[in-house]
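Here's the letter readout for the chains.
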Amino acid sequence: MTLIASNLSIKSEKNYHLNDVSFTMSKGEIYTIIGRTLAGKTTLLKTIAGLISPDSGKLTFDGKDFGNIPVWKREIAMVYQQFINYPHLTVYQNVAFPLKQRGMKKIEIHRRVMDALSQVGLEGFETRKIQALSGGQQQRVALARSLVKEAKLVLLDEPLVNLDYKLREQLREEFRGIFDSKASENSILIYSSTDPVEAMQLGGQILVMDEGRILQQASAKEIYENPISTKVSQITNDPAMNLFDGKIEDGCIVLGPEIKFDLPNHFNGLPQGDFTFGLRAAAISQEDTGFPFSVELSEISGSETFLHVRHEGLKIVGLLNFVQNFLVGEKVSLKFDTKHMYAFAPDGRLKSSPYGGLQ
Amino acid sequence: MRLFYTTVKYLSVTLWSVFVIAPFLWAITTSFKDFQSVTSGATYIPWVDFEPTLEGWRSLFKSPAQGGIAIVEPFFNSVIVTAAGSGISIVLGTLAAYSLSRFTFRAGPIRNGDITFFFISQRIMPPVVLSIPFFIMLGKLGLLDTLFGLVLVYVVLLMPIAVWIMVDFFNKVPHEIDETALIDGCNPYQAFFKVVLPNSIPGIIVAGMFCMIFGWTDFFFAFILTFTEVQLLPVAIVALNSSITPWWSLSAAALVSVAPLVVVAFIVERYLSKGNLSGALK
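One line per chain: the protein sequences are P and F, in this order. Under the working numbering, the first residue of the first sequence carries the number 44, and numbering increases by one thereafter. Under the working numbering, the first residue of the second sequence carries the number 34, and numbering increases by one thereafter.
Hint data in this document are derived by calculation from the structure and do not stem from the laboratory. Yeah, the Cβ is synthetic: ideal placement off N, Cα and C, and Gly gets one too. Any given hint might turn out to be false.
Stated by the list, open to error - No more than 27 angstroms apart at the CA atoms, straight line, and that leaves these computed lysine-lysine pairs for BS3-like:
no. : chain 1 : residue 1 : chain 2 : residue 2
1   : P       : K358      : P       : K382
2   : P       : K394      : P       : K374
3   : F       : K227      : P       : K195
4   : P       : K116      : F       : K42
5   : P       : K143      : F       : K95
6   : P       : K172      : P       : K101
7   : F       : K95       : P       : K172
8   : P       : K57       : P       : K101
9   : F       : K173      : P       : K148
What the hints assert, rightly or not - Here are the in silico distance ranges between beta carbons for each label pair:
no. : chain 1 : residue 1 : chain 2 : residue 2 : range
10  : P       : G391      : F       : P207      : 52 to 62 angstroms
11  : F       : K205      : P       : A283      : 30 to 40 angstroms
12  : F       : G172      : P       : R145      : 48 to 58 angstroms
13  : F       : F226      : P       : E56       : 30 to 40 angstroms
14  : F       : F138      : P       : G178      : 48 to 58 angstroms
15  : F       : V41       : P       : E217      : 52 to 62 angstroms
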């Protein structure tokens, strides 16, 4: 059972919402579409659902042309970023709605609804009205309604983005549990997100989208190790990967008049010339032997510190362990771990990665 | 200073209340008076200022031959015309508003917004402009002086109100609700009737209330388009004002004509205060 998209395009007067999107997805796998806001993630999901028809291209599911099947016959499930439920129905009626619509027997409906409600941890809430629930609970109801259908195609459009941090973490864990255990064996799960951390945690396959295009499709590990372009490296890293324009000259990486490094082993195959070098924030550490930078901003995130610094034209973000206090303008000495450095061609394509991708 | 503001506040509230309530008190006291009490100057307190009588109220239920005024039939005519006119307007208006809110219509330079404006524009013209065309059209169709003709005219007048209110309401209902219904196996009609409509009852009640108020209080078209066969309540009441006006009957009839609206307002107010009118969908 596969979902095949070939050359899907949706164009408005000015720009593409989807630009020649093609992919093949097979059952038992989680696919995460990652991209910034307006990258076309929701458009793609709605196109798969049949809520939007593509201007050109074809969508085939399980050997059938999806283009001829209206939304209500596609038997899919979808959870939105907003908490969408039926406000005039109780929790139980909400979850039972799609099954009733299919004309299923009452006993079977009851069994499945109770099962789904217990999976999302909403036992005892059956008779509650939707408005009486918190945001997290409302999203659980929406999730239960998508689970109860046992759909072969489950679409989750940034389902956690409107929840607060703690709840998001918790629900994400539960998602994994729920979908690993049951649904994903027989279904294709497509999850969209703007959050690289979320995409990496979900594992599975990742599709990186930007401006309606799919830039890269690969496993989470592969995307992390070998982002094929600077754009992918920006979208799939949080904080975005530091990029510096520089060159390779006489066996050295030259980023500026004073900043030079010895060429790391994995760059040995690269010719001399201009490159864009990439380095994750975590590969930058504070050491006395490093280069001097002046602090522009220091942000504390949980138990880590994001340090925004600059040296002449060079602006970088470093990720330091523990909460550390810096003053604006303070001089810090930072060391770049060149073992983890990426090299991209000036047009943005990956040339060399520390994990052995391309040369 | 605070005392000053409080005083001003209560004073203005009191003045406004008097302004609103006084005509009602006037009508209520007058409805219990007889010829003697009405003509002998302003009096307000029954049994002290004047001797109350139920004559005005009794006359409502007597035929003109018995010295009463014929108000029962116009009352029910008004009920039928208003209910039918509002009902049809709400049904058609809700359907029109939903399609205007959800689907994109294109005809040359015309878009959804223009169609909505077309509906509203029906109410921009002064009624006088419409009266002659209506008169001629109903005349040609043989519908002058009939309940059916009036209902048709009222649908034309009331549906714009319903469309206007409901378009606004549906625009605030997230599209994702319809989409979710489609995904859950509803065809577009089922999505509308099973999901969107049950969640739109507050909007329908508001639109219905406006239609009923406008329909019930209309005097102009009821006056122009009927002669003798069919009379609506506002026209019947005004018709009482002749060479010898029975002020007591007229007051009682006026109060009767206000009563249905008070009931409607009371029901809607209860509904409003329960918070059902907003927040169901966000």
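Exercise for the section: Look at the Cβ atoms of P:G391 and F:P207 and judge whether their distance stays inside 52 to 62 angstroms. Expected result: violated, 38 angstroms
Handout entry: Given hint P:K148 paired with F:K173 - CA-CA distance at most 27 angstroms
Key = Violated, at roughly 57 angstroms.
Exercise for the section: Starting from P:K394, check that the Cα of P:K374 is at most 27 angstroms away, please. Expected result: violated, 33 angstroms
Problem - Range agreement (Cβ of P:G178 with Cβ of F:F138, hint 48 to 58 angstroms) - result: violated, 36 angstroms
Problem - Hinted pair F:K227 and P:K195, Cα distance within 27 angstroms - result: With a Cα-Cα distance of about 25 angstroms, the restraint between F:K227 and P:K195 holds, given a limit of 27 angstroms.
Practice task
Verify the proposed pairing of P:K143 with F:K95, using a straight-line Cα cut of 27 angstroms.
Solution key: Given that 27 angstroms is the threshold and the Cα spacing comes to 57 angstroms, the pair is violated.
Handout entry: P:K172 paired with P:K101 [C-alpha distance capped at 27 angstroms]
Key = This hinted pair is violated, its Cα atoms lying about 41 angstroms apart.
Problem - CB-CB spacing for P:E217 and F:V41 relative to the 52 to 62 angstroms hint - result: holds, 59 angstroms
Handout entry: Consistency of beta-carbon spacing, P:R145 to F:G172, with hint 48 to 58 angstroms
Key = holds, 55 angstroms
Exercise for the section: Measure nothing beyond the straight line between the CA atoms of P:K116 and F:K42; if it is 27 angstroms or shorter, mark the hint as holding. Expected result: violated, 62 angstroms
Exercise for the section: Take a look at whether the Cβ-Cβ distance between F:K205 and P:A283 falls inside 30 to 40 angstroms. Expected result: holds, 37 angstroms
Handout entry: 27 angstroms limit on alpha-carbon distance, applied to hinted pair P:K57 and P:K101
Key = Between P:K57 and P:K101 the Cα gap is close to 22 angstroms, so the pair holds against 27 angstroms.
Checked against the numbered hints above, the structure violates hints 2, 4, 5, 6, 7, 9, 10 and 14; every other hint is satisfied.
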